[in-house]
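Visitor: Chains as they are written, first to last, in the UniProt record's numbering: chain V, 1 to 284; chain L, 1 to 284; chain C, 1 to 284; chain X, 1 to 284.
If you are wondering where the hints come from, they were derived from the structure by calculation, not from laboratory data.
Nothing false has been slipped in among the hints.
The list treats identical chains as interchangeable, and a pair is accepted whether it falls inside one copy or across any two copies.
In silico lysine-lysine, PhoX-like type, Cα no more than 25 Å apart, as pairs:
{"no.": "1", "residue 1": "K210", "residue 2": "K272"}
{"no.": "2", "residue 1": "K3", "residue 2": "K252"}
{"no.": "3", "residue 1": "K266", "residue 2": "K96"}
{"no.": "4", "residue 1": "K187", "residue 2": "K210"}
{"no.": "5", "residue 1": "K14", "residue 2": "K64"}
{"no.": "6", "residue 1": "K252", "residue 2": "K266"}
{"no.": "7", "residue 1": "K76", "residue 2": "K27"}
{"no.": "8", "residue 1": "K76", "residue 2": "K183"}
{"no.": "9", "residue 1": "K27", "residue 2": "K14"}
{"no.": "10", "residue 1": "K56", "residue 2": "K14"}
Number of protein chains: 4
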Amino acid sequence: MQKITILIHCEDQKAIIASVTNYIASKDGNIIYLDQHVDADENVFFMRLECEFSAKNWNLESLKNDFETQLATPFKMFWEMYTQEEKPKMALFVSKYDHCLYDILGRYSAGELPLEIPVIISNHEDLKPIAERFSIPFHHVPFTKEIKEEGELAQLDLLQHYKIDFIVLARYMQIITPNLIAKYRNKIINIHHSFLPAFPGAKPYHSAFKRGVKIIGATSHYVTEGLDEGPIIEQDIARVSHSLSIEDFIMKGRDLERLVLARAIKLHAEHKTMVYDNKTVVFS
Amino acid sequence: MQKITILIHCEDQKAIIASVTNYIASKDGNIIYLDQHVDADENVFFMRLECEFSAKNWNLESLKNDFETQLATPFKMFWEMYTQEEKPKMALFVSKYDHCLYDILGRYSAGELPLEIPVIISNHEDLKPIAERFSIPFHHVPFTKEIKEEGELAQLDLLQHYKIDFIVLARYMQIITPNLIAKYRNKIINIHHSFLPAFPGAKPYHSAFKRGVKIIGATSHYVTEGLDEGPIIEQDIARVSHSLSIEDFIMKGRDLERLVLARAIKLHAEHKTMVYDNKTVVFS
Amino acid sequence: MQKITILIHCEDQKAIIASVTNYIASKDGNIIYLDQHVDADENVFFMRLECEFSAKNWNLESLKNDFETQLATPFKMFWEMYTQEEKPKMALFVSKYDHCLYDILGRYSAGELPLEIPVIISNHEDLKPIAERFSIPFHHVPFTKEIKEEGELAQLDLLQHYKIDFIVLARYMQIITPNLIAKYRNKIINIHHSFLPAFPGAKPYHSAFKRGVKIIGATSHYVTEGLDEGPIIEQDIARVSHSLSIEDFIMKGRDLERLVLARAIKLHAEHKTMVYDNKTVVFS
Amino acid sequence: MQKITILIHCEDQKAIIASVTNYIASKDGNIIYLDQHVDADENVFFMRLECEFSAKNWNLESLKNDFETQLATPFKMFWEMYTQEEKPKMALFVSKYDHCLYDILGRYSAGELPLEIPVIISNHEDLKPIAERFSIPFHHVPFTKEIKEEGELAQLDLLQHYKIDFIVLARYMQIITPNLIAKYRNKIINIHHSFLPAFPGAKPYHSAFKRGVKIIGATSHYVTEGLDEGPIIEQDIARVSHSLSIEDFIMKGRDLERLVLARAIKLHAEHKTMVYDNKTVVFS
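Just chain V, with the same shape it has in the complex (with noise of 0.2 Å):
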């Protein structure tokens, strides 16, 4: 059996399920998953689907090329389409923080997570040994404001020479630039240790301490031109209480970071999130 992912939103309109899922049907194939989402407000309808096809009548070209000219043309469908087969590659942008870049090793190494990590890409060598033992080719790019463009430069060729399809933020301290930002759009996933809107910019354990909150979060989010504004793909809460110091909040949240942005690097290497409107839908 061949299994296919796809992914479907287009202004929202009558008979769109019936007409996919007839689609489907007149392939012979079988839908083992449906969910969809209208957003009212916006008048925009999103679809996920994951099908079966028998092998031997499958072919993915004259399924796509039918589904564009019976579907897609027609309702003035923004779509994709995915096999099981295709893992999607996946770069990752660290710092000096390790305790993220551990658990996304360790969950990759127990075949947790269907993606592959070609290249880990750092401003600092201060990371190089975990790489070393995960066997994960790692790079140095340094980046400051200074050199801001030849770092941009180097990551590019990087990203563009390992075939990288997204990018994850594992606590990676800089900028991105515009550049980059546009090149991966809706792919670059960044983890920011408050819960936002609450605390965004730097040092937010810092400022919940001062603030007093009795819970603090994590927010893992697609990086856009605003910082961290993004959308935002999954968040997470712990208890804390007047009896802990900043440093128990850091501790603690270092819990949330890592549990959050597994779960959003998850969602997106299963095609399981559409950005709309600065929003995601995810279907989980």
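Assemble chains L, C and X onto chain V, guided by the hints.
Guide: Below, chains L, C and X alone, put in the same frame as chain V:
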């Protein structure tokens, strides 16, 4: 616009979704919500649909008849269809505990529950004043092992008189008779004050305390012949610690009981639950 | 047995705990609960004690006098002492939303709250019937920008008349005047329907929806001159998704508001909160 | 400054706290943390203290001797005293599952755990490469019913050789022998992949799936002679729904197992747990 909700389950087969959505389209209806699930082990298909029809063409009888002929018969479907106007009638069974009763009546009075409460039935007189505060008929139906048959008869009479659709046991501490269970199969909701299947039966907070658990729970489920063994609708938990006494467990548990029961009532009244193989499918 | 609760805070110094516990021992008292906290940044010591004394030697006045002389004066302590019998008197301020009011009155009637509610004050007549259901005096005190002074005067008269110890704003949507805040410093509890400091001010559910957050929250805090900036007592959260509308956010949020406000009321009434530097120490 | 932690438990008596805090004051120590608990049913007093002493007067032996004479003997205390420098030595027992092992070694390498891991012991060779990646000695000790005695002997030899203080079973799927349990009473931590006491024994995710629960859990506990019946240290849960398969349960559960085990390890290594009557007091 007329709004209806359709629940379907049947053996999993090809083209069910296409057929149902074609049918809705053929009736000029608009699907505003669709959720489906396939139990791969049992090969059963479940579906919940919300559709809108413009009022002028609207004819519920023909919609139902054609559904039966065109879909239910060929696919051997079990199905239910509800209009938004019909509010299900719920009977409350209580005993001496008042916290769930106050919570449900508060929500009901605040307009949060899409249902009617025509009657409260109790084996004690204690909570009658609360029913009076909220102007809901209260009937005292004594019930013990010795007078089980008279009790059941009186209950059935009241349920028929008030045209009751489903029953909620809001900490009603008596056994429900097999006759009543059979008449209201998957329509009697109980709240059990533990995280089932841990601590079934009497005094679960005492057992939880003795075992030294770090988390307590509450479980709402449909009542079946097996004590605390029916299909689970909803569960939730709260953290506890060594510093809490049994009385603290009980007090903390009251919030769980209130919330978990209120959620189950709402899910049932909105036709979001389906039962199969002693489990629930909850389309929430 | 007589049971008392003592709250202390003062500059951190050596031997405070030894001195206080010696004092209790010297009075033949038995410590049944002791919790303490040191704010290392501010060098402030906080303590909460529950003690039992056998009734025959019991003399509250001498206990207080000796505490003042032997401990409070040498250590420059701020302190409070409460007997278990004194129940604090709470005034409820409401407007048009009824869900928190129903919840508090239900808990109160069910005997869950160690306090008295002598009066409900509102700027509208809408919720008067609910107060009547629960047999609690209801006073309509109109309040708008234009008649702020008359409103405040009427409020202060009622609070004095009913000997009110603390005030709860159960979704009371009006500004509290500086005079009232000053008279009830750290004794006015508000519930804000967001996860502060995210979304302060009006319509937080709408802002949360627009931002596409995956978690919503509620926050109870003491009222200060800054809008939604007072010391946080308690917070909680609930998961949301793209499939929920603003109305769904509001409905889900009602459960958060109820719970978070009820917990804050209970903590305050049990003398488990202390305020320092716009933060709370909560000994729970 | 020298920092020590003291754990005490004894029969509840008057003036214990005063006596202990006086003692610390007499030694010119400063209490930076104090937590206590009285088990009212069993009449047992528990206490955990962190104190600082200025280095020049510091003498651990005299501190311990005087504690024994002045406090432990008269009050019949069980007590332990730890300096901050001593890091407990932890042995990891693993089998074939690698996710908890990766997580623990990642945290260990990232400097989050106040302990040393001198050895990993396994009944299979599978995870040896992971131990090598992290440069930790790995010993293969075959263990089956038939060779229980040789296995136990080899384990005990290794534990002695590496001077092990406590043992963590990171999804080690074999029975621990009574001898080993007796030698490491309340010093062997297991992670069980259910919300105990629900679903003890083998295949808890399968049982949870079959029962149709809406929440799954994980439990860390000290190992005793009764299978999955030891004192619970920590538990946590995750929501599941009808749409998840058994494989999804297992995958979701891995995050619970990782987190709950990591927290238990940290609590134990920081001397924050005490065991009494098959329950834990956790001063966190």
